[in-house]
Amino acid sequence: DTEVTQTPKHLVMGMTNKKSLKCEQHMGHRAMYWYKQKAKKPPELMFVYSYEKLSINESVPSRFSPECPNSSLLNLHLHALQPEDSALYLCASSQNRGIAKNIQYFGAGTRLSVL
Amino acid sequence: DAKTTQPTSMDCAEGRAANLPCNHSTISGNEYVYWYRQIHSQGPQYIIHGLKNNETNEMASLIITEDRKSSTLILPHATLRDTAVYYCIALPTGNQFYFGTGTSLTVIP
Chain A
78 DTEVTQTPKH LVMGMTNKKS LKCEQHMGHR AMYWYKQKAK KPPELMFVYS YEKLSINESV
138 PSRFSPECPN SSLLNLHLHA LQPEDSALYL CASSQNRGIA KNIQYFGAGT RLSVL
Chain B
3 DAKTTQPTSM DCAEGRAANL PCNHSTISGN EYVYWYRQIH SQGPQYIIHG LKNNETNEMA
63 SLIITEDRKS STLILPHATL RDTAVYYCIA LPTGNQFYFG TGTSLTVIP
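Protein sequences appear in the order of chains A and B. The opening position of the first sequence corresponds to residue 78 in the working numbering, with each subsequent residue numbered one higher. The opening position of the second sequence corresponds to residue 3 in the working numbering, with each subsequent residue numbered one higher.
Be careful, since some hints might not be right.
[Said to hold, decoys possible] List time: in silico BS3-like cross-link candidates among lysine-lysine, alpha-carbon distance up to 30 Å:
#1 A:Lys118 to B:Lys71
#2 A:Lys178 to B:Lys54
#3 B:Lys54 to B:Lys71
[Stated by the list, open to error] The following label-pair restraints were derived from C-beta to C-beta distances:
#4 A:Met104 to B:Asn55: 22 to 28 Å
#5 A:Glu129 to B:Asp3: 23 to 29 Å
#6 A:Asn94 to B:Ser30: 44 to 50 Å
Because the hints were derived from the structure by calculation, they are not lab data. We put the CB at the ideal spot given by N, CA and C, even for glycine.
Take these sequences, add in the hints, and give me the full structure.
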């Protein structure tokens with residue numbers, strides 16, 4: 078099973094709403110990632126979790142709050158977002174060492190619209 | 003991490019080989035070359051990686067020049083489903099990678 082599952086597939090939220098994106102994998106990977114992708118642009122790294130601890134935060138605004146409750150789950154909590162935060166949010170996972178660390182498996186993404 | 007340069011876009015006729023070049027002239031000895039692709043509205047997909055030897059798997063072949071300054075990803079018989087953005091990345095083992103702008107490949111019927 079090489080699947081990374083993201084829910085929901087689509088999300089529309091107002092600027093005052095609180096919502097969460099969910100990502101799940103059962104490959105035993107101990108590194109998990111959040112990326113943001115705007116239309117016609119490459120994915121941009123947001124956060125990296127390594128062994129359930131946050132290891133990289135690419136200066137992401139605090140209205141995005143990641144959480145890794147266990148080794149299979151990754152959440153992204155959203156609060157007070159702006160319309161410019163509308164994008165495709167991608168989750169990925171990988172093994173946590175060596176060459177395999179750079180072989181990431183991606184989910185299909187959550188397409189977020191902020192009104 | 004080595005900077006990579008790829009053409010912005012390429013076309014390929016269906017059934018023909020698609021050869022996607024990547025320049026990484028500043029690559030150092032411990033940096034691997036990785037290729038990913040992203041089909042429209044899907045997450046990126048790992049294709050292949052290599053250090054200095056040519057590599058082949060069920061998806062593609064990777065040819066790395068002897069001086070390692072460039073590489074070519076080969077899709078031997080391109081299909082319409084291979085239409086995607088292809089990303090070439092060069093970095094040492096274990097470093098976090100970042101996507102560049104990639105090559106948009108269009109396979110033409």
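TODO: Hints the structure violates: just list their numbers, smallest first.
DONE: Per hint list: zero violations.
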